[in-house]
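Listed in order, the protein sequences are those of chains C and E.
360 is the number that the working numbering gives to position 360 of the first sequence; each next residue is one higher, with no gaps.
342 is the number that the working numbering gives to position 342 of the second sequence; each next residue is one higher, with no gaps.
For the record, the hints were derived by calculation from the structure and aren't laboratory data.
Since the model is a prediction, treat every value here as computed from it, not as a measurement.
All C-beta atoms, glycine included, are put in the ideal place defined by N, C-alpha and C.
Please note that a few of the clues may not be correct.
As the list claims (entries may be wrong) - Cut-off 20 Å, straight-line C-alpha distance, at most; resulting in silico cross-link-like pairs (SDA-like, lysine to any residue):
hint: 1; chain 1: C; residue 1: Lys267; chain 2: E; residue 2: Val229
hint: 2; chain 1: C; residue 1: Lys267; chain 2: C; residue 2: Leu341
hint: 3; chain 1: C; residue 1: Lys267; chain 2: E; residue 2: Trp341
hint: 4; chain 1: C; residue 1: Lys267; chain 2: E; residue 2: Gly336
hint: 5; chain 1: C; residue 1: Lys372; chain 2: C; residue 2: Asp206
hint: 6; chain 1: C; residue 1: Lys372; chain 2: E; residue 2: Val229
hint: 7; chain 1: C; residue 1: Lys267; chain 2: C; residue 2: Arg327
hint: 8; chain 1: C; residue 1: Lys267; chain 2: E; residue 2: Glu338
hint: 9; chain 1: C; residue 1: Lys267; chain 2: C; residue 2: His182
hint: 10; chain 1: C; residue 1: Lys372; chain 2: E; residue 2: Pro228
hint: 11; chain 1: C; residue 1: Lys372; chain 2: E; residue 2: Ala231
hint: 12; chain 1: C; residue 1: Lys372; chain 2: C; residue 2: Lys267
hint: 13; chain 1: C; residue 1: Lys267; chain 2: E; residue 2: Pro342
hint: 14; chain 1: C; residue 1: Lys372; chain 2: E; residue 2: Gly336
hint: 15; chain 1: C; residue 1: Lys372; chain 2: E; residue 2: Leu214
Claimed, not checked - Output of the computed footprint for chain E on chain C, the stretches with three or more beta carbons under 8 Å from beta carbons of chain E:
hint: 16; region: 189-195
hint: 17; region: 310-324
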Amino acid sequence: MIFAPTALSPHEDALRHDVRRWLADTLPADFRPGLGLGGRHDPGFSRALAGQGWVGMAIPREYGGAGASTVERFVVVEELLAAGAPIAAHWIAERQTAPALLRFGTEEQRRWFLPRIAAGECFFSLGMSEPDAGSDLASVRTTATRTEEGWRVDGTKVWTTNAHLNHFVVVLCRTSAAQDRHAGLSQLIVDLSSPGVTVSPIPLIDGELHVNEVVLDGVVVPDERVLGEVGQGWAQVTAELAHERSGPDRYLSVLGLLRAFVAEHGKDLDEAAAEAFGGIAARLWSIRQLSLSVARALEQGEAPATEAALVKDVGTVFEQEVVETMRDLAAAEIDPEAASLFERLLAECVLNAPSWTLRGGTTEVLRGIAAKALTRGGAR
Amino acid sequence: MSDEGEELRRAVADVLRERCTPEALEAAERDGEAPGIWTALAEGGFPTVSVPESAGGSGGSVAQACAVLEAVGAAPAPVPAAETGLLGGRLLAAAGLELPEGPVTTAASPRLAFDGEVLAGSVARVPWARSAAALAVLADAPDGPVVVLVDPAATAVTPGRNLAGEPRDHVVLDGVRPLATAPAPPGAGDALRRRGALSRAALIAGAARAVAGLTVRYTGERVQFGRPVSAFPAVAAHLVRIAEQTELVAMAARAAAASAGEDGEPAGLDVAAAAAVASRAAGEVAAAAHQATGAMGMTREFALGALTRRLWSWRDEWGGGRPWAAELGRALAAGGAEELWPTVSRGLVSPGAAR
Ligand SMILES: Cc1cc2nc3c(=O)[nH]c(=O)nc-3n(C[C@H](O)[C@H](O)[C@H](O)COP(=O)(O)OP(=O)(O)OC[C@H]3O[C@@H](n4cnc5c(N)ncnc54)[C@H](O)[C@@H]3O)c2cc1C
Chain C
1 MIFAPTALSP
11 HEDALRHDVR
21 RWLADTLPAD
31 FRPGLGLGGR
41 HDPGFSRALA
51 GQGWVGMAIP
61 REYGGAGAST
71 VERFVVVEEL
81 LAAGAPIAAH
91 WIAERQTAPA
101 LLRFGTEEQR
111 RWFLPRIAAG
121 ECFFSLGMSE
131 PDAGSDLASV
141 RTTATRTEEG
151 WRVDGTKVWT
161 TNAHLNHFVV
171 VLCRTSAAQD
181 RHAGLSQLIV
191 DLSSPGVTVS
201 PIPLIDGELH
211 VNEVVLDGVV
221 VPDERVLGEV
231 GQGWAQVTAE
241 LAHERSGPDR
251 YLSVLGLLRA
261 FVAEHGKDLD
271 EAAAEAFGGI
281 AARLWSIRQL
291 SLSVARALEQ
301 GEAPATEAAL
311 VKDVGTVFEQ
321 EVVETMRDLA
331 AAEIDPEAAS
341 LFERLLAECV
351 LNAPSWTLRG
361 GTTEVLRGIA
371 AKALTRGGAR
Chain E
1 MSDEGEELRR
11 AVADVLRERC
21 TPEALEAAER
31 DGEAPGIWTA
41 LAEGGFPTVS
51 VPESAGGSGG
61 SVAQACAVLE
71 AVGAAPAPVP
81 AAETGLLGGR
91 LLAAAGLELP
101 EGPVTTAASP
111 RLAFDGEVLA
121 GSVARVPWAR
131 SAAALAVLAD
141 APDGPVVVLV
151 DPAATAVTPG
161 RNLAGEPRDH
171 VVLDGVRPLA
181 TAPAPPGAGD
191 ALRRRGALSR
201 AALIAGAARA
211 VAGLTVRYTG
221 ERVQFGRPVS
231 AFPAVAAHLV
241 RIAEQTELVA
251 MAARAAAASA
261 GEDGEPAGLD
271 VAAAAAVASR
281 AAGEVAAAAH
291 QATGAMGMTR
301 EFALGALTRR
311 LWSWRDEWGG
321 GRPWAAELGR
331 ALAAGGAEEL
341 WPTVSRGLVS
351 PGAAR
């Protein structure tokens, strides 16, 4: 394990204060914070943020980014999530697609997509899950077949967050019926406005419509929209996941709730409430240090995949415990339309918390990954 | 800094590995002391790390002292390593008193009075008081708190112990004349309490890491239904839980220790966070390890028990987790909603930062 306490440099520390100040000036006074990466989809906000140079920061300057380091990006993202800022529009493009393009994309793709992502103008969804492929991602059935124009894509993706609002979706699909199920997979960038794409909402239990079914029926994708190598989709996807697992989105979904708790109940905490709240804060304190240390390790060129899986597991389980503790402390029937912001956020948290340990790889699957590394002797 | 900590942990582990055998641990429990282990550690100067050389210590930072304690917790070494340097030694040094030879002990002493001549009152749960060379505690004097150095032989010691059989003695000091006294600097009591909680977090971090290693090894060797039990996902989940809690408490303890910088004291809220995290992690690690190791883990013969009994003891010392969590909770609530995130995320900033 490579966790070690990490100090921010004076420059990194100054950056977070800049972001904090900008957010305080930019978000309206009556702003209702989103739940971390569940923040709202607001292209205007994404463009304004990009105007500050804080979208796609880690993209090199030659492709329109800021050429910032992993930790600089961490610092900015942490502030955005802590504020519950409406980051959903650019979130996947900046966290997932841009690094994938940098690692696996063609020069032409980088020149076209990266400046647009960094400008907060080009938004992506993730098309991995399917009706019969959840944790077992290698069992995807969506196919891409060679045609004269490039590829013809057929299949159905589900749970595709914000596909109804974004411009592109990166589709994991089968390009050949290989014996080894991990071979023969590829990633294609599909324009969501292409003929043959049908996006329909899948209402979630809170009644919100942000995840979708995406039916791909004979969708034509030109060759230059293949991401990386044909047949290398599996390796590319697992590399992406390992990198993006341990970020601040894994422990900050509840920060708006905690802030509202202090605002509304901070003055009259009894001993038991102070203890429960302090216990939460203590864990947040330490989980954040773990996550930051993974970012620093990534910056130094290490590949802390096991550490990242551990942080995601600890972080998301922590978030769910926070909701239960806050529920205990609220000691009221929860009304999503209550006058109190704390109670409204609590309602939103209760209805969303189960997905925190599902999305991006379930707890069970993560523990499987971590256990394999531990029993192989990666523990010391 | 982290590499330096790693070197120190390794150096101490090298001293202790051959010495902290199951037989030596049993003997220490029986005798209430482990002079051989103490001498080996003391020869390397390890127990007095973080006490300035000018006061008779080995010098170094609080973070370095905590690195030593992680190794002491992992061994586990049945000696007052925390009490001698980080706790008692720094208490003496801060009051301008010289560190005596041999193991020193200390404890919170809220009901001890000093009239300028003799002491009145008692101190509860003093680690290894019966075998310590000196006791360093705070007492209330007419002109404010003083640090007093006492010869334990001059006191009445009633033996007590913790779940690991480590001495936690009751010391009656009525009428005892101190060997030395000096006015305590402001806040000495709070600072001692903080270092006490931090020392337990560091010891717990060390013991938890040892438990992790032991449990991974055992579940990889124990075969049931034709395969190592660690191959069962339910058992593997225990291993993951132990690893997570171990990393969490180690991070909490190291970050809090690092907040002291090169020669300062650790920051109050960082210590409170570490204490709360450590106390909880101790219980989770012990429970998961015992579940994963079955009946073998319950035997006196197997090394796990010496570690888990310490986890169960240390998590309650210097307040345990609850009052520290409450202290942190109250401080954050008093700071107000807008300061919550800036305070929680304050973390460490390398020197030179414009704050
Ligand atoms: C709010 C939300 C947004 C999402 N957005 C997207 C998106 O934008 N794009 C996208 O592609 N996907 C998205 N997902 C899907 C997400 O990635 C999947 O939910 C996740 O991969 C798990 O798959 P599943 O839901 O089919 O569960 P299943 O795989 O069916 O799992 C069911 C249960 O079985 C357990 N299980 C399965 N396999 C194993 C195993 N090997 N060992 C132990 N236990 C196992 C799981 O842990 C779980 O408890 C989203 C999900 C949610 C909740």
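Unmet hints by their number, sorted upward, for this structure: Going through the list in order, the structure violates hints 1, 5, 9, 12, 14, 16 and respects the others.
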